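Chains as they are written, first to last, in the numbering used here: chain H, 1 to 842; chain U, 1 to 117.
Each statement offered as a hint is correct.
Just a few of them, taken from the derived set where beta-carbon distance is under 7 Å, the chain U residues facing chain H:
| # | residue |
| --- | --- |
| 1 | D19 |
| 2 | S24 |
| 3 | V26 |
| 4 | L29 |
| 5 | A59 |
| 6 | V61 |
| 7 | R64 |
| 8 | L66 |
| 9 | E69 |
| 10 | P79 |
Simulated from the structure, these hints should not be mistaken for lab results. Values in this document were obtained by computation on a predicted structure and should not be read as measured data. By construction, the Cβ of each residue, glycine as well, lies at the ideal position given by its N, Cα and C atoms.
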Amino acid sequence: MVKQKIVVIGNGMVGHHFLEQLANRPERELFDVLVFCAEPRPAYDRVHLSEYFGGRTADDLAMGKVEQYREWGYDLRLNDAAVSIDRENKIVTSASGASEPYDHLVLATGSYPFVPPIPGHEHSKCFVYRTLEDLDKIQAAANDGKVGVVVGGGLLGLEAANALKQLGLEAHVVEFAPGLMSVQLDEGGSKLLREKIEELGVTVHTSTATELIEEVDGGRLRMNFKGEKSLDTDLIVFSAGIRPEDSLAKSAGIELGERGGIVIDNNCRTSDKNIFAIGECALFNNFIFGLVAPGYTMARTAVSLLCGEAAEFNGADMSTKLKLLGVEVGSIGDAHGRKEGSAAITFVDEQTGVYKRMITDSEGKKLRGAVLVGDTSDYDTLLQYHLNDMDLPEHPEQLILPALDGAAPTLGADALPDTATICSCHNVSKGDIVGAVQGGCCSVGEVKDCTKAATGCGGCAALLKNVVDTELAALGVEVNNDLCPHFPYTRQEIFHMVQVEEIKTFDELLEKHGTGKGCEICKPTAASIFASLWNEHIHEKPHVGLQDTNDTFMANMQKNGTYSVVPRIAGGEITPDKLIVLGEVAKKYDLYTKITGGQRIDLFGARLEELPEIWRELTDAGFETGHAYGKSLRTVKSCVGSTWCRFGVQDSVGMALTVENRYKGLRSPHKIKMAVSGCTRECAEAQSKDIGVIATENGWNLYVCGNGGMRPRHADLFATDLDDVTLIKYIDRVLMFYVRTADKLQRTSVWLENLEGGLDYLREVVIEDKLGICDELERQMTNVVGTYQCEWKTAINDPEMLKRFRQFVNTDDKDEKIVFVEERQQRRPATEEEIVKIAEPA
Amino acid sequence: MSEVAITRTEWLQVCKRSDLVADSGVCALVGDRQIALFFLPEQEPQLFAIDNWDPIAKAGVIGRGLVAEIDGEVTVASPLYKQHYRLTDGQCLEEEAIQLAVYPVAFDGDDVLIQVD
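I would like the entire structure built from these sequences, with the hints used as guidance.
Structure follows, in structure tokens:
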């Protein structure tokens, strides 16, 4: 079969979405695909560009990966811009001289920043804000500057101002119009946004036109404004809007709009039917869609058509919800009430800085638009009313007024039509979700996996849960969060029962709240809860039978039934003498020795009966158990910090020791890892940990809920510039809140993702003490810290506990079935084949 | 098991009651056979004897597994890959073709007796 060839020009977010959508279809096999990308790297997330200065790297922002494209079988040409299109012969020529024929051409060339033609705008300290390379240049210029100005007070301009602020510059925004974000916000919303942004230290100049940019003494720039005012600055960033990148199409004779933009029909085809245009370069109904979601819809339309399915792009809703410099902003539909016969309902709370405005028809029946500043919690509900043209409730003002009895009335999932879009990132409708539930998905998690809903920005998570729960209830399915067949409760509920009723044993718990005899799910869960609350030795009589094997023998069982031993090496700091002891013990018991990822030393191959002797020698030398076997704090990794490192700004080893010694022994729903870095270079990789601490000039930044493993997740920045005492206080609270409320075997990352309200809610609980439980959380942690014991030290001094560490109760023989062979001067478990060979007589 | 008339000739004494761990398992060596002994004081019968060798994990670890009730049946979950073996007859609940040997076992005073063919 001869394949058809698709050439894609441009590899921005929309171009990438096109390629990703195509890759996931069976029709992918019908095409050869080639991509020209002018930038040196494949597509990245431009929406979150300012986070590049907040610690995210180019890798973090990457969407397309070279390996991924290779796996998809795409021919990706980086750093090679397409320069001409020969439509007659259907050939694209690139800057490097490549000449590629096509059957279908997709233009995803995006846009370029508009730079107003102010005299002096070409000065070397004037920049635009579009690519990572632009950001690198801005960063370099910011290094020896103090002040930065953004020209443009729209959405992108404010993002750029945020970036300048993150670079430590005194940031100014200069806007020609009388208000900020004048496209999306009305006057009132714009005014409040300005106040909030100025509170954050950004100076806003509205109704200000720049007439001339000139260099003054010392290489600084002076902006001369109309009306004799001026402003001196070290650099200027232009972010005054975008223009479609249509020059290639123009030179190929493809039809453009009067003011630019490649004209497309509702099949996203240009005036040449073999050529599609998608994203910000495309002009539909004389409109450029400068948001990513409509671009994605265009990409999906083009993919469907190429695969032989009918599809149409019929414009897109430009409603948007975002956070600018930490201020929540939402805009829906006709935000200005420009349509004739519009009425408005406005709510302003000057004290908390909240502005909400609904635009309705004259009868107050339909929602035409809305503006939200300072609080966008009503956005989802309002958007659904708008998109689905639903009748507003009798008292529509209640949708934006703070509810007196707490919870605001949310829109019931019942009321939504099946066509309602729930997840706009992945274009998942209510009907799709209902279909998934009817098709057998029984939880939000399964629906997420199946439909991808709420896996983009996550903004629709609450609504998704609402739809799923409603549908499950309609099907008569009981939503079952039971721990196991023996306990009809969640882990959190059991935790509370144990705490409130001061239950100390599994038998008591089972008798009061459970049925049957317990299993390998509820027993260790109960043991973990008892340990978190009462912290008795895990080998105390009533707890013995509850532990998983690793907890039972306080070591990690390996594949051949032997164990590995990990003593605690807090913060990765170890004296030469102790290192020698580890070496001696390992040598004596012939243990395979390996350095772990957590800056510790793991000794493998210990037989059950050898564990107590090994630990007697280790505890004599001052070692403690490392809890490598438990669902508990494992290790606190650290870099060497300011004590030795010329870049370090705080003593990261000292802090790591404090933290590790404080939380060692804490039993939790899953293992916990932490790290402390001594400076922003982050050598301890703290952002991949459950609790990450990074030193700043002024103290510590705290990151929470990251992890490596199967599904890596970067930790979220939780609080900045904390002093030692506050840092520990916050960690105490976050950990205890997690221990209390997480599900069984739930890591902090998943816990946070499932926490309604997410990171903001966690901050409210931990920093603002919204629930009034902080004292109690701290008290609980103090109790755990105060009752710490090295489990091994206790065990080796208790003959009753030691009884368990016998291979056989009736003889001192060794387990003959454990066979080792030597490899790289150490021993390892023999493979099956090796065992057979060894057993054969020579 | 208590019904069976015990004569010392058919039964072998493997250990004492005090060698057992309540609600959990230990391991004994009988000839070259490793046998896991589970002692569940609150249940009837109280004692179970089952092969210690886990044929799926290929290691002698059954005695170190966690006792778990699955659909009303008493099982042990293997500590390596977590398959459940029924203590009464050794049947693996996840793999129909796999069944461990079980042995008659009983208390005689403080002695633990077992029958191995």
